[in-house]
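> Sequence:
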Amino acid sequence: DLQAFLDEAYPAQRQRIILEHPDYAVWLLELDGVAVGHAAAGPCGLPHAEVQPGDGELKRLYLIKDQQSCGWGSRLFETALAWLEREGPRTVWLGVWSENFGAQRFYARYGFSKVGTYAFPVGKVLDLEFILRRPPTAAGSGY
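Numbering (my numbering), first residue to last: 2 to 144.
The set of hints was computed from the structure by calculation and includes no laboratory data. Keep in mind that this is a model prediction, so the values were computed, not measured. Possibly wrong hints are sitting among the right ones.
[Said to hold, decoys possible] Derived DEER-like restraints, expressed as beta-carbon distance ranges: (1) E51 - A109: 17 to 27 Å; (2) V116 - L32: 12 to 22 Å; (3) E31 - V116: 17 to 27 Å; (4) P23 - L127: 24 to 34 Å; (5) V27 - E88: 17 to 27 Å.
Glycine included, C-beta positions come from ideal geometry on N, C-alpha and C.
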């Protein structure tokens, strides 16, 4: 199911559109020429009634397992937050898998709290995702 989901959700053409769109940003972390992580951010598209125009979303933040807990996640995340708030404070949202407890603790350290849930399809499986939100903060604070 995962490979089918990845093939459907991340085809090259869709990624090209996102990379070329000024409202989205993507970062790739390389170590010695090998991709070990990436982050993506843009307008909030999460299914929550309180999402407002102008709200931002961390779309993705992934690191390969052996690079987790090395500080790279914080650097990628802080880079994405700075980009999302480049024009001033704004509400930032993200979705996180309900079983990813480490990520939930990580986001809580940055002031995010759970405000909802939704079912995220991964192939034929529906994963329970938590919707997290951080209200606008003074520029530069919170990380």
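> Does each hint fit the structure? Answer for all of them.
Now for the hints, and whether the structure bears them out:
no., hint, result
1, E51 - A109: 17 to 27 Å, "19 Å, holds"
2, V116 - L32: 12 to 22 Å, "35 Å, violated"
3, E31 - V116: 17 to 27 Å, "34 Å, violated"
4, P23 - L127: 24 to 34 Å, "33 Å, holds"
5, V27 - E88: 17 to 27 Å, "19 Å, holds"
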